[in-house]
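Asker: Next come the chains, spelled out residue by residue.
Number of protein chains: 2
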Amino acid sequence: MPSNAPLPQFDDVLDAAARIAPHVCVTPLLRADALDAAAGARLVFKPEGLQHAGAFKFRGACNAVAGLPGADAARGVVTHSSGNHGAALALAARLRGIPCHVVVPEGANRAKLDLIVAQGAIVHRCAPTLAAREARCAQVQADTGATLVHPYADPRVIAGQGTATLELLAAAPGLDVVVVPVGGGGLAAGAALALAGRSPGTALVLAEPAGAADALHALRSGRREPVPAPGTICDGLRATLGEPNFRILHASGAQVLAVEDADAIAAMRLLLERLRLLVEPSSAVALAAVLAHRERFAGRRVGIVLTGGNVDPDALPWGPR
Amino acid sequence: MPSNAPLPQFDDVLDAAARIAPHVCVTPLLRADALDAAAGARLVFKPEGLQHAGAFKFRGACNAVAGLPGADAARGVVTHSSGNHGAALALAARLRGIPCHVVVPEGANRAKLDLIVAQGAIVHRCAPTLAAREARCAQVQADTGATLVHPYADPRVIAGQGTATLELLAAAPGLDVVVVPVGGGGLAAGAALALAGRSPGTALVLAEPAGAADALHALRSGRREPVPAPGTICDGLRATLGEPNFRILHASGAQVLAVEDADAIAAMRLLLERLRLLVEPSSAVALAAVLAHRERFAGRRVGIVLTGGNVDPDALPWGPR
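From first to last, the protein sequence lines are chains C and G. The numbering of the first sequence is UniProt numbering, which starts it at 1 and goes up by one. The numbering of the second sequence is UniProt numbering, which starts it at 1 and goes up by one.
Rather than coming from a laboratory, the hints here were simulated on the basis of the structure. Treat the hints loosely; a few may be bogus.
These stretches of chain C come out as covered by chain G in the derived footprint (C-beta under 8 angstroms, 3 or more residues) [to be verified]:
hint: 1; segment: 23-32
hint: 2; segment: 131-145
hint: 3; segment: 182-193
hint: 4; segment: 307-314
Keep in mind that this is a model prediction, so the values were computed, not measured. Here a beta-carbon is modelled for each residue, glycine too, at the ideal position from N, C-alpha and C.
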């Protein structure tokens, strides 16, 4: 998306909500006394791991695919994704009966790759660099005429992801803070739009792995800059903030909290125990941020989006006690 | 409950639904292509592990507590439970602001005992026999005037548990079969009432651990008889079918399928992977029964109640691959 392109607005989130309503799962709100006690705050969770294809990503992918004109749709869609967006786009394409190509870097999370394949995508492997992903993607576009649906730097995707926060605000009015993980910034920018339009008094806090903290630096310095070699177990959050995502978030005044991997893993375990939900480390960072900054959230009503749950149950990142 | 006492009816389930509506979580329906493919059938799951206190048990407990006259309520409630019913009753009592006594046998599941304590119950330990549980319970009743809320052989509890199936039928009309686990038979008898009143063409199948298969024998022979020493990992399903539960289920024509523990564990792992839900082995038996009897469910629309998710995440019953 060119840097002078118009940014998506709150109305686009409302349009997305209407467009994806026939397909999306309205995820419930969950809470637990034990988690409130641990945080010293009143927490409600929006478990998007229960969404189709196991992550909020289906919202944005579905919005993009459902909005395609018929002739474009017939040529299919393409994306590069190491995980949840690929599976989500494949599912959205399958529901519309069109082809979906997913460029997957070597070394991608096995549970996520399995899901992409299971959704019927045509998988193209490439080297694990952004340049290789983009080049392979451009090649598929040239070969097939498929429409690129970028995992996060796409106004249709941002608007679609905003529907998660829209639902959260509808089910839990009057939140003081909404906390979401940030990687490329699709969910985060969508949340900023939803909050601005629906609940401008609610603060937005972004949780980011300390080993891939480009959003923290970008929103402080006002300049996007990739982290050269992101190091974190949170495979869904290694991407650099997208350009439109950055512009939306910078204007929103959102704040970023960095989270250590060990804290993300502890939060993941706590959510499995207390909400009976398997979430990926990339999701658990949001609760981890709240627990690591208790003073900041004390006594407040906090909404947390648990972004996804595509984890290999045989490789949970903690051992038996 | 004496054997000539009137049995709860469908109207009692409707009354329960209205009574508990302000307190209960309307759990969502979940499904996954991978699970449909594994079963060769169309499966929808009602994840009651997302219910307050982590199991459907809150429905029956809440119905019993909310329906108590004020003077009785003030003296509190008492039950004997090794697990989910104890936590559920404690929560229901706490919401009404009355005391709750729970008689817990030695050797109870740690995750469940922790939950009972966390909900603020007064815990009384006893030897792990039915006689010891009942004697201790009677003593607490005599000492405090608390009302006994039996875990399953109680019409208020049966009616309350029936609301889980009522919600399932409302959200997924036209099911061919509903499958629920059976232990003492609260959920199962409630399901029979809900089906009879709302969807009499839907068959009821009960899943029971092979190591505690008293319901299988009782519904075949027409006579209740406890299994002398139940041996199964499904700690929530070791109880003998209650008397009113038996009468309702016998009249309903429900069928029982026995499930091996290894199959329950495999189904538990599959649900964690495909629905991102942690369920206890006692819940997973329902899916295990469907997978072990594919021919019986082939092509049919099957509703499955996943009863609870109170499991210690450090002691999942499978090792790393």
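Asker: Work down the list of hints and note, for each, if the structure agrees.
Answerer: Structure-based check of all given hints:
Check result for the segment 23-32 of chain C against chain G: holds, 5 residues qualifying (beta carbon to beta carbon below 8 angstroms, three or more required). Note: the segment 131-145 of chain C has 0 residues with beta-carbon separation from chain G under 8 angstroms; the three-residue rule is not met and the coverage is violated. Against chain G, the segment 182-193 of chain C contributes 0 residues with a C-beta closer than 8 angstroms to a partner C-beta. That does not satisfy the three-residue criterion, and the hint is violated. Counting residues of the segment 307-314 of chain C whose C-beta sits closer than 8 angstroms to any C-beta of chain G gives 6, which meets the bar of three, so the coverage hint holds.
Hints 2 and 3 from the list above are not met by this structure, while the remaining hints are.
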